[in-house]
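Undergrad: Below are the chains, spelled out letter by letter.
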Amino acid sequence: MKHILLLAGVVICLALVPLAIAKAYILNLVILICLYTVMSQSWNILGGFTGQISLGHSTFFGISALVFRYLWVLGAPPYLALCGGSISSLLLASVIGFPTFKLKGHYFAIGTLALSMIAIITVQNLLPGVSFAPPQFLSEYNLASIYYMALTVAVVVIGLVFALTRSKLGLAFVSIREEEDAAEAIGINIFKYKVIAMSLSTLIAGLGGGLFSFYVASYYYYVPFDLGWSFDPVLISFIGGAGTVMGPVIGSVCFVILKELFAISLGQMNVLIFGIVFIFIVLFLPKGIIGIARLLQTKKSSVASPKET
Amino acid sequence: MLHFAQIFSYGILNGALYGLVALGLSLVFGVMNYLNVAHGGLIMLASYVTFLIFSSLHIDPFLSILLVTPAFFIIGLALFKALFQSLMKFNETEKIKNSLLISFGLLLVFSNLAILLWTADERAVTTTYTGKVVQMFGVRLPYIGLGGVALAIIVIIALHLFLTRTYFGKAIRAVSLDHEAATLMGINVNKVCLISFSIGFALAGIPGVVTSLQAFNPAISFELTNKALIVLILAGFGSIKGVLLGGILLGAIEAASVYLVGTPYREVFGLLLFVVILMFRPQGLAGKRL
Chain Z
0 MKHILLLAGV VICLALVPLA IAKAYILNLV ILICLYTVMS QSWNILGGFT
50 GQISLGHSTF FGISALVFRY LWVLGAPPYL ALCGGSISSL LLASVIGFPT
100 FKLKGHYFAI GTLALSMIAI ITVQNLLPGV SFAPPQFLSE YNLASIYYMA
150 LTVAVVVIGL VFALTRSKLG LAFVSIREEE DAAEAIGINI FKYKVIAMSL
200 STLIAGLGGG LFSFYVASYY YYVPFDLGWS FDPVLISFIG GAGTVMGPVI
250 GSVCFVILKE LFAISLGQMN VLIFGIVFIF IVLFLPKGII GIARLLQTKK
300 SSVASPKET
Chain F
0 MLHFAQIFSY GILNGALYGL VALGLSLVFG VMNYLNVAHG GLIMLASYVT
50 FLIFSSLHID PFLSILLVTP AFFIIGLALF KALFQSLMKF NETEKIKNSL
100 LISFGLLLVF SNLAILLWTA DERAVTTTYT GKVVQMFGVR LPYIGLGGVA
150 LAIIVIIALH LFLTRTYFGK AIRAVSLDHE AATLMGINVN KVCLISFSIG
200 FALAGIPGVV TSLQAFNPAI SFELTNKALI VLILAGFGSI KGVLLGGILL
250 GAIEAASVYL VGTPYREVFG LLLFVVILMF RPQGLAGKRL
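Chains as they are written, first to last, in numbering that gives the first Met the number 0: chain Z, 0 to 308; chain F, 0 to 289.
Note that these hints are calculated values from the structure, not bench results. Everything numeric in this text was worked out from a predicted model, so none of it was measured. Note that CB positions come from ideal geometry on N, CA and C, so glycine has one too. Check each hint, because a few of them may be wrong.
[As the list claims (entries may be wrong)] Derived Cβ-Cβ restraints for the label pairs, each shown as a range:
1) A181(Z) to I276(F): 25 to 33 Å
2) G227(Z) to I73(F): 44 to 52 Å
3) F283(Z) to Y258(F): 47 to 55 Å
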């Protein structure tokens, strides 16, 4: 309960930021953090909770970005276009994503990677141009509207994941991650729950894609299909703590801040650092930063308790 | 017809290179069930090392294999000790999953390191024989491609002889069949894994030399890993013998797609085939063990 109040406080503070600080820099930073949080949570549902490691989420991110932009340019209000984009991700997932569940374990990872490569090459060839935001929006450009959409989407998604951890559905996901055969033996319909996890995950990836398309005024059509949109969420989730609610949020904050610190340097120093940290997390700390925090907490309490008694 | 023959022979030359690219990955996967997706990154790094050796010491890329492979062998030893040895205790699926994740991290580290060190620009070693071709029945075959084919054949025969004719090679094969039984026969499984992992790294140095003669940049690491995985699934996971054939098959498929649809979708066909085979025969086209 204390945590929820704290979180609500943070959200309200963030919601007031555009009124108090007019600095675009801060708003941009929060928008980026929200965007990465949404993408990481999307990956987290499938990879962190259900244990199906996807290396191809950029496909769903990208398709939604394109559909969002298409609907938006046609005149749909942004929030409606966001839903449209999100649903398009789900549709694509039901065509190409669900069949990949025939692939178990590492085959799923490399299979989804192959799919995302097919997607980016196809988009590069079919749509070589640049996508522009509607001119009317650009003329009255308003960063705060993007900021509020990013914040709303991020809060909704975090809330959804939190609800998931408190539900039977979440338990079913975790049981699939821990031991697929055992889960099946106790009567969990593996395929059904994998499909649900994939649907939730791609819907959220679609929200991320729409957000990207709303935020970035003009981009080459292939940019949202970039493999980075598949890889970064994996790093972020693992480093923050895969299979936890706040892990991806903490990971995203670190990732975006590092990205900003090294923004002037060539290449992506933040990905380099995150890559190295990621390797050590996989080797030694399966629950990431959240895991470290919990470890410290239990140590403190175990040190403190003998004194009390 | 000549056009087709030209495209097709290019496909075969490329295919032999793909076989060479997949060789190290296949060996490591076969022996200890490590899926080292950083393999393409290693090949990319080897290309840069070859490039640096050529530009500073003026040693021909094909000769620099003698420097590059031992260096990568040592890197393999170090990385196995530091990162991969602790995975030995896991069961098969956990091993594959964790090695996949760790090497995925390595792949990102390698490619971003290369961008920081050498920028994302495209480079190539330019030798006296760059761009020279042999004409056969009107088909033009570049020297470099032929060199790659010769190299692939030599390396695969050498590896085959090593695995079948030497004591240590036989130990490697025994370990790949069954770790416990190999231990009972008095084989030091840890040592065998360490050495074969490092041989896998050394084998990344060889295709790196060929790619250094063609255009390369840090981004080829993903492309090469990808090709290696496709070859692996065509050849059967862990099969050494099938690798060259798998590579040539992939080259031929790419050539056919270039002929039918054009160059832009060259990669897509290989990838589609990959996904389809993964779904219906996950052990690979020719593979038996799973």
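Undergrad: Does each hint hold? Answer for all of them.
TA: We went through each hint and held it up to the structure:
no.	hint	in the structure
1	A181(Z) to I276(F): 25 to 33 Å	holds, 29 Å
2	G227(Z) to I73(F): 44 to 52 Å	violated, 31 Å
3	F283(Z) to Y258(F): 47 to 55 Å	holds, 51 Å
Going through the hint list in order, the structure does not satisfy hint 2, though it satisfies all others.
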